[in-house]
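So the sequences go chain by chain: A and B. Under numbering that gives the first Met the number 0, think of the first position of the first sequence as 0, with each following residue one higher. Under numbering that gives the first Met the number 0, think of the first position of the second sequence as 0, with each following residue one higher.
These are calculated hints, taken from the structure and not from any lab test. Note that the structure is a prediction, hence the values are computed from the model and not measured. Treat the hints with caution; some may be incorrect.
Quick list of simulated restraints, FRET-style, between CB atoms [unchecked claim]:
1. B:30 - A:164: 23 to 31 Å
2. A:19 - B:52: 42 to 50 Å
3. A:108 - B:110: 53 to 61 Å
Simulated pairs of lysine-lysine, BS3-like, Cα-Cα distance not exceeding 25 Å [unchecked claim]:
4. A:47 - B:182
5. A:49 - A:12
6. B:47 - A:11
7. A:19 - B:49
8. B:12 - A:12
Backbone N, C-alpha and C fix where the C-beta goes; we use that ideal spot for every residue, glycine too.
Protein chains: 2
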Amino acid sequence: MEAIEELQGLIKKLPGMGEKSAQRLSYHLIRTDESYNRALGNAIATIKEKIHPCPICGCYTEHDICSYCSDGSRDRSLLCIVEEPQDVLSIASSGAYNGLFHVLGGAINPLGGIGPDSLSFPSLLKRIEEGGFKEVIIATNPTEEGDTTALYIRHLLKDHEEIALTRLASGLPIGGDLGYADKLTLMRSLRGRIRF
Amino acid sequence: MEAIEELQGLIKKLPGMGEKSAQRLSYHLIRTDESYNRALGNAIATIKEKIHPCPICGCYTEHDICSYCSDGSRDRSLLCIVEEPQDVLSIASSGAYNGLFHVLGGAINPLGGIGPDSLSFPSLLKRIEEGGFKEVIIATNPTEEGDTTALYIRHLLKDHEEIALTRLASGLPIGGDLGYADKLTLMRSLRGRIRF
Chain A
0 MEAIEELQGL IKKLPGMGEK SAQRLSYHLI RTDESYNRAL GNAIATIKEK
50 IHPCPICGCY TEHDICSYCS DGSRDRSLLC IVEEPQDVLS IASSGAYNGL
100 FHVLGGAINP LGGIGPDSLS FPSLLKRIEE GGFKEVIIAT NPTEEGDTTA
150 LYIRHLLKDH EEIALTRLAS GLPIGGDLGY ADKLTLMRSL RGRIRF
Chain B
0 MEAIEELQGL IKKLPGMGEK SAQRLSYHLI RTDESYNRAL GNAIATIKEK
50 IHPCPICGCY TEHDICSYCS DGSRDRSLLC IVEEPQDVLS IASSGAYNGL
100 FHVLGGAINP LGGIGPDSLS FPSLLKRIEE GGFKEVIIAT NPTEEGDTTA
150 LYIRHLLKDH EEIALTRLAS GLPIGGDLGY ADKLTLMRSL RGRIRF
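Just need the whole structure built from these sequences, with the hints factored in.
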């Protein structure tokens, strides 16, 4: 059973996988179609050699420049700053944004050893100094680290008065329940209340 | 982004995977160590060629005969009948059973198109007719299909009066799945098994 145990052990290292789910998945893989296993196995084994960060914005791409940076139909006066590459996908697929992106590669977290030097602020500053942006939207997470990072960006861009600096609204999630909202979220949604 | 989307699409086909979990996992794989990805990818791609059912009991093995059937220290007068190969692992790892196994390959489910002919009853009967078993423990799931299968086995073995036929005690929640039972519950249900 060494092959099953090896597979289980490897699956268990994935985030959110426990003993039982790893076991179920590996037995599932023994039962499924072999060509599916080969396709999945190959996709996992080769993903890192196919994908690299876009040299301009830092989101993942298979091409020289990512599909957002090379898309002529996007609004080049809008820049959205996010923490991680997958945040680009979340925002792009919301359908409410048609500008460019900049991926920081994380958020400032002094306790976790992530200072501004670990993030892509130099290339952000370079892009902004090349001009053309009318608005920069800070879309870091509504967490302590995301807030710190947002403050740092505001400080970084303080001399660019031509640029409107905005941040994603915080508040109650759509479909959420007021009774389950935490105090901080309620406080933010009150402070950020809009004319109705 | 085709490679990420392909990977995500393949991960989403795994049981229990939704859109978001597939997305999280694929972005996790881009960030992790390449050697881990290669090991996991290879383990998934090759699992089906490494593993085959044991010709005697039907549980999965890499060898000619599985580790349970070839283990001389196990009690050869005890036979435990289970539905699926992973059930063997659950029962063996409970530590309360030291006999042999027989994997049926499922449970009788007329509505799902699984009749007795789809299951390994001929080889079960052959093993029992070769003699030597003093007790046969029916460890099918405590579901309608598992119960039907247990009744079928009782009918099948009705002429073998020399064999004590038992079934796992309740303690397993009705409608549950053997694969999710904790070791203690399995141990109790083995110790409290009742004459069927």
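Hint check:
1. B:30 - A:164: 23 to 31 Å: Check passed, 29 Å falls within 23 to 31 Å.
2. A:19 - B:52: 42 to 50 Å: 22 Å, violated
3. A:108 - B:110: 53 to 61 Å: 54 Å, holds
4. A:47 - B:182: The given pair, whose Cα atoms are some 39 Å apart, is violated under the 25 Å limit.
5. A:49 - A:12: Holds - the C-alpha atoms of residue 12 of chain A and residue 49 of chain A are around 22 Å apart, at most 25 Å.
6. B:47 - A:11: Roughly 19 Å separates the two Cα atoms, so the pair holds.
7. A:19 - B:49: 22 Å, holds
8. B:12 - A:12: Holds, at roughly 19 Å.
Hints 2 and 4, counting from the list given before, are not met by this structure.
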